[in-house]
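Asker: Residues per chain are reported as follows:
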Amino acid sequence: MFAEELKRVFRRPRNIIILGLIALVPILLGVVVRFASHGGPRGGGSAFFAEITQNAVFLPLAALASMETLILPLAASIIAGDSVAGDAANGSLRYLLVRRVPRSRIIHAKMVAALVYTLALGLVIAIVGLVAGAILFPHHQVVTLSGLSISFVHGVLEALLAALVVGASIFSVTMVGIAVSTFTSSSLAATSIAVTVAIASEVLDAIPQLEKIRPILLSNYWSAFINIFRSPILAGPIYKDLLEQLGWMAVFYLLAVFNFSQRDITA
Amino acid sequence: MSHVIEVEDLTKRFGGQVAVDDVTFSVDEGSVFGFLGPNGAGKTTTIRMVLGLIYPDSGSFSLLGERKVSRLHRVLPRVGSFIEGPGYVPYLSARQNLDRFLAAEGVRHAKRRPLIAHALEAVGLEMVVDKPVGKYSLGMRQRLGLAQALLGDRDLYILDEPTNGLDPSGMREVRRLIGELADLGKTIFISTHLLSEAEQICSHVAFMSQGRLIKAGALGELRSDYPQQLRIVGTPLERIVSLAGSSATIEKSAVLVDLDPSDAPRLLASLVGEGVEVMEFSWMTPSLEEIFIAEVGEGFDVR
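Protein chains in written order, with the working numbering: chain A, 9 to 275; chain B, 14 to 316.
Keep in mind the hints are simulated off the structure, nothing from the lab. Take the hints with a grain of salt, since some may be wrong.
Pairwise CB distance ranges, derived in the manner of DEER restraints [said to hold, decoys possible]:
(1) B/180 x A/40: 55 to 63 Å
(2) A/200 x B/216: 44 to 52 Å
(3) A/40 x B/126: 25 to 33 Å
All of these numbers come straight from a predicted model, not from anything done at the bench. C-beta: ideal position from N, C-alpha, C; glycine also.
Using the sequences plus the hints, can you model the full thing?
Answerer: Encoded structure:
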C-alpha cells in the first residue's frame, strides 16, 4: 500500500510538473544573477542571496530561502489536499476500502507519500541548485556565515541537510492539508485551507504585538535552516523548528486519523 | 440454505434525513438477488453499510457470516463489488489502476498480471489496458469498474447499478456475465432501478422505496401472490366475454379473465362447445414492473 501510494503521487503528471517548475527556480535564479546583474547582487533579497556569486553552494540555499515562505507550502498543500479528497472524488477510495485495506493503513500510506513528496521538493531544489551553481559559479572552499572555511564537499552536504530541514519545516502544512482532506471530497478546498493556514501563520508572525504567540506559529522557525551554515552548526533553532513541526503534526495527525476512521465514505 | 447477507433493522440518517429506515432482509447463497427501487430509495446506502463504508445508526448485518464491522476485512476478499460507478485514478492506465487495488489487497506481484488480464478480457477492455483511464469513454469506465469487481475468484458479487452508462449491447454483456457467475454457483446481489433488467436475471427481489423495504422474496413466490389472468384470443370476442363471466374484459383484441386455474379446463370446454373459434388460451403472469407498482405505487422513476 505504501509503495502504491508513492507511485500514485509520483506518477501524477501534475505533481511531476510541480517538481519540474520548482527545479527551474534555482536555474533561473543562477542565470539571472550570473548574466543579468553586474558584479553580483548587493544586499537585499532573501538569505544567502548576496553570496550566490561567491560559491555554487549558495545558489540552492538562496533558492530554498526564497521559496520556503510561499511556493513550497503551496506545493505541499496541493499534494496533501489531494491525498484523501482526490481518491474520494475519483471513487478509488471506496474500492481500496472494500478490498480489505484497513482505514489506518490507507491514511498512514497517504501521510508517508505526502511527506516524502514534501521532502523531495526541498531535495530537488538542492540538487538542481548545486548542479546549476557548479556550472555557473566557483566551486571551491565555502566561507560559512561564521567566516570560517569548509571544504566544498562539506558545503554540499550541508546544503543537502538544509534541504531536508526546509522540507521537514513544511511538514506541518502537509499534515494540515491531509487532515482537512479527510473531511472533504474537494482537493481544492483542502489545499486552499492548508495554504491559508500557512499564510495566516506568516502574517501573524510578522505582527510585533503578537510576539508572545510567535513560538507556537508553524512558520516561526522556518528560517532556522540558515544556522546549518554556521561553524559549528547552531543546532538550537533547528531543533526548535523540528520540535514545533512535530507538535503541529501531532495535532493534525490525530485529527486526520480520528476523522478518517470514523467517517462515512459516501463518495 | 445459508444466508450470505443478513440485514436486520438497519437504519441510517444523514442529518435529519432518514436514508435507510429499519430495513430487514436476507440473501440466500447461490441466488441472484435484485435490490430494486427508484433512485434515492436507500439502496446504495444499504450496500455501503454492508461493505463497511458507512456506519449504521442502528440495526445489524452480517456479510458472509461476519457480523462485526471491525472484522469485515476477514471476509471482504471473498466479495467482488461495484459501488455506484467506477473508481479510478484518471492518469493511470486500466492495468495500473487494477494493479493498485490488487497490491493494496496483498496479492503477490506474479499473480496480479493474469488476474488483471482475465478481468479486462471479461469486459472487453483487453485492447486498451495501457491507455490512461481519463481518456476512456463513459461506457469503457463502467466496464473498468466491472473488471475491478471481477478481479479474482469471489463467492459473492455486490453490483450497484452495474449497467448505468452502458449501451444496449453492453447491458446485454453484463447480463451474460452475471448469468455465467450464477451458473458457477456464485451469489449475485444486484441493485438496479431497471426492473426489466432485473426480471431477466434475478431469482429473488426486494423492493425499496424512500428508505424502507417494502417487500422481499423469491420472484416466483411474489408472482403467485397476485391473481392470475387468463388471456383468450378468439372469435367472436363478445361471445367469449359472455361465457367467461363478470370479470372478463376486452383488451387489445383479447379477453382477459380473472379465474381460478382449476376452472380453466371447464371454460375452454364451454367455449369450444359453444362454437367459439379459440386461437390462444394462456395464463398471463404479472411482470415485475406490475408487481413493483402494485407494492410501491406509481410516481417513481420506474422503467
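Asker: A separate judgement is required for each hint: does it hold in the structure or not?
Answerer: Quick rundown of the hints versus the structure:
1. B/180 x A/40: 55 to 63 Å: holds (57 Å)
2. A/200 x B/216: 44 to 52 Å: This hint holds: roughly 51 Å between Cβ atoms.
3. A/40 x B/126: 25 to 33 Å: 50 Å Cβ-Cβ, so the 25 to 33 Å window is violated.
Hint compliance for this structure: hint 3 is the single one not met.
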